[in-house]
Structure formats: structure tokens, C-alpha cells
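Asker: Listed in order, the protein sequences are those of chains X and F.
Here the first sequence is numbered in the numbering used here, starting from 498 and rising by one per residue.
Here the second sequence is numbered in the numbering used here, starting from 731 and rising by one per residue.
If you're looking for bench data, these hints aren't it; they were derived computationally from the structure.
All C-beta atoms in this analysis are idealised placements derived from N, C-alpha and C, irrespective of residue type, glycine included.
A couple of the hints might just be wrong.
From chain X, some residues computed to sit far from chain F (all C-beta separations above 10 Å) [to be verified]:
no.	residue
1	Leu510
2	Gly540
3	Leu541
4	Arg564
Quick look at which bits of chain F chain X covers, simulated, 3 or more residues with Cβ under 8 Å [unchecked claim]:
no.	region
5	746 to 759
6	802 to 808
7	836 to 843
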Amino acid sequence: GNSVTQMEGPVTLSEEAFLTINCTYTATGYPSLFWYVQYPGEGLQLLLKATKADDKGSNKGFEATYRKETTSFHLEKGSVQVSDSAVYFCALSESGNQFYFGTGTSLTVIP
Amino acid sequence: DTAVSQTPKYLVTQMGNDKSIKCEQNLGHDTMYWYKQDSKKFLKIMFSYNNKELIINETVPNRFSPKSPDKAHLNLHINSLELGDSAVYFCASSQDRGTSRDTQYFGPGTRLTVL
Numbered sequence: 498g499n500s501v502t503q504m505e506g507p508v509t510l511s512e513e514a515f516l517t518i519n520c521t522y523t524a525t526g527y528p529s530l531f532w533y534v535q536y537p538g539e540g541l542q543l544l545l546k547a548t549k550a551d552d553k554g555s556n557k558g559f560e561a562t563y564r565k566e567t568t569s570f571h572l573e574k575g576s577v578q579v580s581d582s583a584v585y586f587c588a589l590s591e592s593g594n595q596f597y598f599g600t601g602t603s604l605t606v607i608p
Numbered sequence: 731d732t733a734v735s736q737t738p739k740y741l742v743t744q745m746g747n748d749k750s751i752k753c754e755q756n757l758g759h760d761t762m763y764w765y766k767q768d769s770k771k772f773l774k775i776m777f778s779y780n781n782k783e784l785i786i787n788e789t790v791p792n793r794f795s796p797k798s799p800d801k802a803h804l805n806l807h808i809n810s811l812e813l814g815d816s817a818v819y820f821c822a823s824s825q826d827r828g829t830s831r832d833t834q835y836f837g838p839g840t841r842l843t844v845l
């Protein structure tokens with residue numbers, strides 16, 4: 498079956514540090530992969546996505562590359578800001594409209 | 731110009747009561763969803779409707795009943811509320827069915843507290 502595994506948090510970083518949040522997936526076919534972000538007290542927002550192998554999604558300085566050989570979609574940012582503090586969810590969609598979400602990784606960036 | 735809206739934002743009620751949460755999307759999407767997010771931020775899909783037809787119904791107590799009067803609305807009715815129902819409930823929508831490339835758009839959430 499389909500599933501998403503992402504690194505457990507919480508993650509605490511100093512401002513301008515490098516961020517990596519690991520995400521690996523299991524799928525029977527060729528899924529699309531997503532990163533969603535949830536700021537405190539808000540709903541989830543799409544951060545970036547990739548629809549096929551070797552695609553790179555990017556937005557707001559965040560990047561993730563769809564790696565079919567390692568079944569991974571790790572989220573990276575070169576220099577985090579306090580405003581990046583949020584919960585990040587990795588997700589996949591393969592058939593129909595069902596999404597499979599990871600458990601979320603809480604990020605806190607301190608000044 | 732809210733894309734996916736939910737009401738109410740907060741709901742506090744007693745055990746045993748019946749309550750409803752409403753969701754509306756103005757994106758013209760065909761598919762709508764309900765998710766439950768627990769205190770550890772774990773997100774679990776509950777239901778999915780496509781053009782008013784139920785297409786996903788995860789293992790959810792039958793006290794939860796979704797209703798879709800039209801494709802822009804998906805309401806969630808909960809009977810005989812229990813303490814364990816306390817959570818944040820998110821509505822979402824996406825375009826089309828049968829493609830793996832849909833992006834889901836989420837509402838702001840309804841925080842339900844059962845006392």
C-alpha cells in the first residue's frame with residue numbers, strides 16, 4: 498500500500514541555519530509528491546510539489562527533488578527564518594484523489 | 731476571496747450533543763474532503779465526495795455523517811459527541827478525479843472541544 502514516512506520532530510534551528518526534513522514514500526505506481534506547511538492556527542497550504550521522477554519543486558526558498566531510486570522527497574532550505582516556524586507535511590497522491598500524509602514535522606526557528 | 735471556508739472556527743460543546751460543521755469552496759472543484767487532526771498534528775482522512783457522491787469513507791464511527799447538498803458544499807454532522815472527538819477538523823477540495831496530480835486546498839479548520 499501507499500504510505501509516507503517523514504522524520505520526527507520537533508526540529509529547532511537558529512535563524513539562517515540549513516534545513517533538511519527527510520521524507521520517504523512507498524507507492525505501487527508513480528505518485529505525485531507534495532510538501533504542505535501549516536502555520537500556527539491555520540490550515541495546510543501547499544508549499545511545493547513534483548509530479549514525476551527527477552522533478553524539483555521549489556517555493557519561498559524551499560526545494561525538494563523527487564528521487565525515484567531512493568523513494569525520497571526531502572525538503573531543504575538554505576537559510577531558515579523565524580517566519581518559517583510551522584509544521585511541515587510530506588504527502589503523496591497516486592490514484593484517484595486520496596492523499597497520504599506523513600505525520601508532520603514541527604520546525605521552530607529561533608532568532 | 732476565501733477559497734475554502736469553514737464554520738464555525740471554534741466549537742465547544744458537551745458530551746452527547748449533536749453538532750454540525752459547514753464547509754464551502756468557491757474554486758469550482760469537483761472533490762471535497764474531511765480530515766481530522768489530533769493533538770499531535772496527525773492528519774487522518776475521514777471522507778471524500780466527488781460531485782456529491784461519496785468516494786472515500788475511512789473507518790469512522792457512524793456517528794459522523796457527511797452531507798453534500800451540492801458540489802460546492804460538504805457538511806459534517808456529528809451525533810452523540812464523545813470526548814475523543816475533540817480535534818481540529820479540516821475541509822479540503824481538489825479538482826477532478828482519477829488523476830494523481832491534484833493539489834488539495836484546505837480550509838482554516840474547526841477546533842472542536844467536547845467537555
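Asker: Enumerate the violated hints, using their earlier numbering and listing them in ascending order.
Answerer: 2, 3, 5 and 6
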